[in-house]
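A.B. asks: The lines below spell out each chain.
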Amino acid sequence: MRVTSNMSNDNSIYNIQQSQSKLYKTNELIGTQRNISRPSDDSVNSKLLLDIGYKLKANDQYLSNIAKSDTWQHVTSDTLTAMSDIMTLAKEQVATITSGSSDATIRQNVVTQLQTLKQQMVDMGNMQLGDQYIFGGAKNSVKPFSITSPYYSGDETAINIEVGKENTQQINIEGNRLLTADTALSQPYGSTNVLKAFDDLITAVNANDVTAIVAGAQALEAGAKQINNAQSDVAGRLVRLDATTKIIENNRNTLETIYTNIQYVDNAKLAVELNQQQIAYEATLSATAKISKLSLLDYI
Amino acid sequence: MGLSTVLEIGRNALNTYRVAQEVTGENIANVNTPGYSRQRVLLETAQTVSANGFTVGNGVNISKIERYYDGMLQQQMVSAQSTEGYDTAKSSVLQQLEQTFNEITTDGLGAAISDFFGAWQDLTLNPDGTAERQAVLSRGQILTDTFHAVSTNIEDTISSLNDTLNSLTDSINTTLTSIAELNGKIKLTGQLGGNSNEIRDQRDQLIRDLSTQIGITYTENSDGTTDVKYADGGAELVTGSAVGSFSLTVNAGTGHYDVNVTPPGGAVALVSPATGQLGAVISLRDTTIQGYLDDMNDLAKTMFTEVNSIHTGGFQHDGTTAGTNFFSGTTAAGIALNISATSEVAASGVSGAVGDNSNALKMTQLQNSLTMSSGTETFNAYQDGVVSQIGLDVESSLNAETRDIAFTTQLSTLRESNSGVSLDEELTNLVKYQRSYQASAKLVTTATDMMDIVLGLIR
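If you read the protein sequences in the order shown, they are chains U and G.
The numbers in our numbering rise by one with no breaks, and the one at position 135 of the first sequence is 241.
The numbers in our numbering rise by one with no breaks, and the one at position 393 of the second sequence is 408.
Chain G with its partners taken away, still in its complex shape:
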């Protein structure tokens, strides 16, 4: 034990506080980096030595630089973000489509149906009138046009959702690859005894990002790597530094994409996504929006059947030719006027009676007939039901989205509270470590002075 030991303690302390300032600097610099967890220097007393029968301290050491990280919170955030991703994707698509069915502020299919039967009402008052017959044809045309417009909008939405799958799975694959690469680096750094805090932060951030796109479960391994599994079916996506991938194949039946997963080193298998953005896209494409299209097709088909059934029971303007089908096509996209001349409108219900209106009257009464939903609803009530349903779907998805955002915000706040950088705190540390550094330097200069005194004795 001698003066050189004091110098050594001073030197160690200087090094230690320099590193502490570096860590503080890193924290300050990353105050706004997404996913960054603040780090701290854990100090410990250096190995003690025995001198002159006494145990004497040997200064300070850095035991480790650790990051503030709450594994439980990370799990919760991953799960909450999957739900948020699902609900947000759903609500944004449904809100876009809602406008197609917004019959509250603008006239839509319901009004077109009403106007169509209104034209038949006018025809009952003058079954012989060319203008009234023309109005029936025009209103019929508007009705079919409206059917086409609605079905085109729905089909476009379905098709664009299907296209979205390309970019979505590409993005998921990129994230998976990055997670696997970072896992590799973390493992390597660990083997070399290095500090992989920043890489872990990046990897954890990627896992959170991934969780908005698909539902995942993950396990943290002792070597610092994280294995990721797909929540829908449990396929492995990342195992250590090995990575699986998502791929798309066209379904011959529907013409839409099927989603497949290839686990690391495994065989490709079909999956049914139900969580995250990917799940929302599939659910909207195959169930929710397809449901609206089915409803529109039902309406068009029943309209086709019922109107044609009455129309073919009547007589054309000449009073002798039997009425033909009024509509052709049995889907919302395919329904069209089957007749084009005013003389083909079958208003008369009695052969030879040109001015008879009984068939037109029958047609007007169809509007109030319970034709839809197994004889429980009128055309208009059915359409109201569809509008109300999409309203309800949007409303509930918006509510779910708001709830999810509040929840993830709360979780982010908790994460920020634990792992976020506080500038005030870092500034305090900055001053603290600076003072300690100054004191350590003073220790070195004092020891040097003492050394000079000792050397002066020799002279």
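Here chain U stands alone, though its shape is the one from the complex:
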């Protein structure tokens, strides 16, 4: 093949460009520490990276939902424990008078205690988290419980949130199912109207009606069980939230590993490549410099 000096020049420029372009790419990889800086770097894995990015974002959102639900459940659990304690105190008070008493002062004492405990029960029923009544269902404008009948003015709406993809969990306990279950459409914990039981007991004690006092004591017992059932429900939810959190975190670890494997560069490999490219580039420059100096002009 006939070779002219321009061919050598063009060839040198082409090769220098090739070396430069490889160095540029390696430099970009080292500088950004990413294999993929734009979709065209690897269009297939780009889609995967974006997909993993959204999944990680969704997981963060689910974890945030779970954290908020967790707070809600703990507040609910604490309130239910307090309610349970109130029921225990009420039962103790009633136990002192199950056979009735002819002493009006003793009866009055019990009545006062029961009235106080009922008030506490109503206060617990009106517990708020932020500005939300935790037992009010979907009604937030008024306190769900009042001291007089009808005791419950909330509704029976379940508030569900997403804790995973197509995985929802109820965060609230409907107040009427808890304390005025006889009026609830669904009675998962029991059918006792706890507040009415207090009122019936107060009437019975005032009237010294032993049969009614015994019936009231039984109603209180049933009411305490009802609250315990709700506590079990909340405990179950907490366990589920915990399990879901673990699943999401495991999932996140897996996704992050895949993401890292695809996206982050192997520095050792790049260092070796850079070295090779540097040697190749220096060789190209040196060859170009040597060849371009040669001319017949220097000899004639």
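Keep in mind the hints are simulated off the structure, nothing from the lab.
There could be a bad hint or two in this list.
To be verified - List of simulated lysine to any residue pairs, SDA-like, C-alpha gap at most 25 angstroms:
1. K249(U) / T335(G)
2. K131(U) / D147(U)
3. K161(U) / Q404(G)
What the hints assert, rightly or not - Partial list, computed: chain U residues near chain G (C-beta under 7 angstroms):
4. N151
5. S152
6. K174
7. I265
Claimed, not checked - Covered stretches of chain G, going by a simulated chain U footprint (3 or more residues, C-beta under 8 angstroms):
8. 205 to 213
9. 436 to 444
Being a predicted model, the structure only gives us computed values, none of them experimental.
Beta carbons are placed, not taken as given, at the ideal position from N, Cα and C, and that holds for glycine.
Since chain U is already given, all that's left is putting chain G on it; use the hints.
C.D. replies: Structure of chain G alone, referenced to chain U:
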């Protein structure tokens, strides 16, 4: 036959080697001229004569000055450069647009969609909360803003591609005119018996230049002229020294330019460019980039339909007023928030239940619903697909460009090998012709000396 013949041979040789040096000089001077083909002097023995019963030579003549030219290579280069022109134009435009869809390193439309539904997730936890409602509105606003930004970028690219057609067709027309003019000169020079090597080189270079802009076919005529035809449709562009032209008319339907060709002496006709830079511009404008815009419009329209359908099924903050459309506008450029007050966000799905979150929950579940591509993809997956598609388009156009450049470089090398000037070679010729010139001069002086001797005999 006499001494004067020797003088004549010497004189011819001197002239011949002077011309040979001129050609060498021309070659050396044009060593870096693009498209220049090296020339050489073809020598032949002059007409012989008979003298004293012998056939005797009469010195040297120049039979022709020819250029090294490979017609086949020229054809290949023209075809390869059309492909390179197409792929290079495509890859450079797509690379610019790729940044709009680069959601790998920066948040884009996909993240805006994710964040929008994330805000609805937060709202499910506190459907009554003003801050959460405000977040839904703000994320909705960011989503529509991102739609606008993406569609503006795409539309700007389409519009600037359309504008490019003006300068591109002007440049093509100028080249066509120059080719026709040079054809005229070549023909005239040929008729006068002259040497048109340089003009041919210029014309061939222009044909190669033209081939990056449009695909062409050409035929070389016996009179040295070249006729050029348009590869897309076969319209004549240059016939001898007659020239056709490209023109643009605005299409009333699209508002974009249509490309027309008027052949020499013919009627204007609509063409569909598919090769060279011109083909790339049209293909990008009408198919590739328009395709991305259509995808964005699809996404915006489905977002509009699905979100509104759920939103109108819920109740506003007062618990009684039915939800209105959340978005207005059904294109990526036109989509906007239809509501502005936090109270208008319809989180509740039950009339009268202010704190109900069932509608917000429905909205969050929309993110994972298969709403796009006839019920096969989610919003995010669809957007990922678009990003991946433009990535693939850029990747393949870059690969094509690299391949084309390697191929045209190889062809240029072959052309250079055949037609390029080698300085070493020319310097050798320079010395060779110089020596020959010196020898011829010596012939003349020797003949003169001999003539003096003869004249001395007479004295």
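A.B. asks: For every hint, state whether the structure bears it out.
C.D. replies: How the hints compare with the structure:
For the proposed pair K249(U) and T335(G), the alpha carbon gap of about 20 angstroms is at most 25 angstroms, so the pair holds. For the hint pairing K131(U) with D147(U), the CA-to-CA distance comes to about 10 angstroms; that is within 25 angstroms, so the pair holds. Distance check on the hinted pair: K161(U) and Q404(G) sit about 20 angstroms apart at the alpha-carbon level, within 25 angstroms; holds. Annotation: interface hint on N151(U) violated; nearest CB of chain G at approximately 9 angstroms, more than 7 angstroms.
Because the beta carbon of S152(U) sits about 5 angstroms from the nearest beta carbon in chain G, less than 7 angstroms, this interface hint is met. Evaluation of the K174(U) hint against chain G yields a held restraint, the C-beta minimum of about 5 angstroms falling below 7 angstroms. Hint status for I265(U) relative to chain G: holds, with the closest Cβ pair at about 6 angstroms, below 7 angstroms. Counting residues of the segment 205 to 213 of chain G whose CB lies closer than 8 angstroms to any CB of chain U gives 0, which falls below the minimum of 3, so the coverage claim is violated.
Counting residues of the segment 436 to 444 of chain G whose beta carbon lies closer than 8 angstroms to any beta carbon of chain U gives 7, which meets the minimum of three for the stated coverage.
In terms of the numbered hints stated before, the structure departs from hints 4 and 8, listed from lowest to highest.
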